[in-house]
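Participant: Here is what each chain is made of, one letter per residue.
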Amino acid sequence: MSFLRNTLNKIKPHFLKGGRLEKLYPAYDAFETFLFVPNHTTSTKCHVRDSIDLKRTMGTVILALIPCLIFGCYNIGYQYYLQFDPSYINQNFSSFLNLFLYGLMKVFPMIVVSYGVGLSIEFAFAVFRKHPVNEGYLVTGMLIPLIFPIDCPLWIVALSVIFAVIIGKEVFGGTGMNILNPALLARGFAFFAYPTKLSGDKVWVSEGYTDSISGETALGELATLVKDGVTNDYQETVLSNFSSDGAYSLLNSFLGFIPGSIGETSVVAVLIGAAILLITGLGSWRIMSSALVGGFFMASIFYFWNANGFMSLNPIHQLCIGGFMFAVVFMATDPVSAAQTNKGKIIYGFLCGFLGIMIRVFNPAYPEGIMLAILFMNVMAPLIDHYVVEASIKRRMSRVKI
Amino acid sequence: MEVKISKGKNISLKGEAKKVVVEFSSKTYSFKPTNFHGLKPKLSVKVGDSVLAGDSLFFDKDFEKINFVSSVSGKVEKIIRGEKRKLLEIVISSNAKNRYKKYNVSGHSKFNIEKLKNLFFESGLWSLIKQRPFDSVADPIKSPKSIFISCFDSSPLAPDYDFMLSGKEKEFQKGIDVISLLCDGKIHLNIDGDSNSRFFQKIEGVQLNKFYGPHPAGNVGVQIHHVDPINKGDIVWILKPQALVTIGHFFLKGMYVNDKMFAVTGSEIKKPKYFKSFQGVNISDFLKGNLTSGKKRFISGNVLHGDAIDKDGHVGFFDDQITVIPEGDYYELFGWAMPGLKKYSFSRAFLSSLLPQRKIVLDTNMHGEERAYVVSGQYENVVPMDIFPVQLIKSILVEDIELMEKLGIYEVAPEDFALCEFACTSKMPVQEILRHGLDLVKKECS
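Residue numbers (my numbering), protein chains in the order written: chain A, 42 to 443; chain B, 61 to 506.
Derived from the structure by calculation, the hints contain no laboratory data. In this text, all values refer to a predicted model and were calculated from it rather than measured experimentally. Among the hints, erroneous ones may be present.
[Claimed, not checked] Facing chain A, according to a computed beta carbon distance under 10 Å, are these residues of chain B, among others:
1. S72
2. G75
3. L242
4. C243
5. I247
6. G366
7. D367
8. E392
9. K402
10. D423
11. N425
12. E430
13. R431
14. K466
[Said to hold, decoys possible] When the alpha-carbon atoms are kept at most 35 Å apart in a straight line, the in silico DSBU-like pairs for lysine-lysine are as follows:
15. A:K435 <-> B:K356
16. A:K171 <-> B:K356
17. B:K356 <-> A:K384
18. B:K64 <-> A:K384
Think of the CB as a built atom: it goes at the ideal place given N, C-alpha and C, for glycine as much as any other residue.
Start from the sequences, fold in the hints, and give me the full structure.
Facilitator: This is the structure in structure tokens:
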């Protein structure tokens, strides 16, 4: 430790005012504070401080994402082997490990690209604008790979990251100033710019597919039921996949053994993450619970309406497929782009869930409705907050008249 | 009236003062005009002058009748100025025995309000009265709608007023009687519902309010908000309990006696206890031999909204507590990633939250760097008022005075947001920002 400290102390003067590398101070500062919590002491009236800082907060959120990442890696291997050698799966521990390692090999480059590109931009902006490098991207950089399909080309990931960080965040002034959730923006950008690479039945399972098994996501399958002229036979075939022994059975959807974006498939992994966020108090229980209620409410309405095969899915099952749970726990709760008042959070969460299911069922072209719902609600969040705050102002005004 | 408060948090630190009192007198006493926020002081003494206890040291440039007086007799030893010759401190070397300036106060209960006010101005008693909004010396012209006295302090290691005032019932009651002549509204004594103080329940001529809940329940701003909230144009007076004893004493004996009890607290004090002395006391002699080793921070007041003073500094005018905690100027390798068994946090992001609650030692390390706002909901958890703290702070950052008024800036003082500053993940200087906002609004209003 003292070696590290001494080295840092030795090179620090070069980055300080008047030093040769003065302009690169924010970059140096980012590395130094990554290694060491600095020795700054309080200088205002509050002489003691809570131990938490943004690094700890972001670190904890990343920790909460780890179960999704691990399961995601395993599931990629699982889906891959399911295509041609289902018997290999779960033979023994080494096959289990192989599945995981196969997935990790596929996911790792995406993570490297996401962090590499994103952090480079962050550092460049920090140096250019002379402000410290903010920790915000640490979480975004992990979220982005988790919401992309495994066979998405790396250059699309890189391009999406560039778009999200620059247009979504830096033009507004950096972390804390953005209106939209950067990770979702990256996904939205890729979805609309390269639709063929981010939907269909070829991207969700690693390295192609055989005809014998569908590589489509559960939502993709269901979306085919919303068109005109769907025959009863066809509807039954599709829905049979969702029955208890089908590929998208409730159990499979809950555990996560279905095709989908890397980190989103397993409700169990998401719930572990949710537990970490709620126990540490870093994720908003208001947003999570009201979004769940909102989604369940909409799914129930559809269930009783039952106008097509998609609607007939039971509400719990509806919430377990697609990225709904992942988005509710990790995306809707992003404190910067969500509503900030306590009442606002409940309204915001409810509408995220409600609209998410609505878009998914009404518009089969956009199976990941929750993504669009949250982006839309990100834009609406300041408005919700405005009315919540306005109500308090009215209470204060009415007090005067007495 | 009974008020239950659920938001907020008690920070239980190590080093609570034992209920033992010693008499103590220091060689020097000091008076800091900076303790009266927004005051423009003008000196009425120069170095070498002899003063009695009760003699004016400086007065208010905007309202010259208001005197700020010495609590001890002696000689003006030095006058300390800061940048742009700003008056910082007047240091008096005290006589062995205090000699007092005498006043004739007989028949004061029949004085008209002007005469009584003038006596307050002249004698220095006015300096004991603060007002909300703005948390400054009370406006000498406008009359208050009510008076609030918080009879308990809920901040960390706070002194126990019941203990400090015991035996002073007569003076306290007299203080209440006199102050009630200056105000048509009610006088509110706010006590801690859980501890059920006996001292204050005996006081007459007041409305007794009981408050239940964690810090900042003892903050007078929170109490006003729940009992009789301040609207634009309102003025509420606030006094510290020991100030009423000084006022009472004055009208019983005709002398300005600002003797006070102080709690010496904090983890770096070997034997934390109370001592009795005069306002403006120097701490160095008292702390000699009573300190642990290592670098320390000396605070006049408590850890959440006190002023840092030197090791041989003097206690501030309104403070009745000295806190000594370790300095935290150390580096911590991967401090943000460690399990954190010994880290204190309102969040539960450290393993320490799983351990049973103990008395803790906090140092002055920032535990991170200042950032833009990212996390939401933290301030709301520690501000028990119908106020949106983050929105208010942001309205101050953009200097939108109309919005500040709408969001209730008149109801708050920096100390009410002290827990926000403590808890803030982004390490914002919340109290400084709020003070800036109050200054802006005050400037606009005057």
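Participant: Take the hints in turn and mark each one as holding or not.
Facilitator: Checked hints:
| no. | hint | result |
| --- | --- | --- |
| 1 | S72 | violated (13 Å) |
| 2 | G75 | violated (13 Å) |
| 3 | L242 | violated (24 Å) |
| 4 | C243 | violated (20 Å) |
| 5 | I247 | violated (21 Å) |
| 6 | G366 | holds (7 Å) |
| 7 | D367 | holds (7 Å) |
| 8 | E392 | holds (4 Å) |
| 9 | K402 | holds (9 Å) |
| 10 | D423 | holds (7 Å) |
| 11 | N425 | holds (6 Å) |
| 12 | E430 | holds (8 Å) |
| 13 | R431 | holds (5 Å) |
| 14 | K466 | holds (5 Å) |
| 15 | A:K435 <-> B:K356 | violated (47 Å) |
| 16 | A:K171 <-> B:K356 | holds (33 Å) |
| 17 | B:K356 <-> A:K384 | violated (43 Å) |
| 18 | B:K64 <-> A:K384 | holds (21 Å) |
Going through the hint list in order, the structure does not satisfy hints 1, 2, 3, 4, 5, 15, 17.
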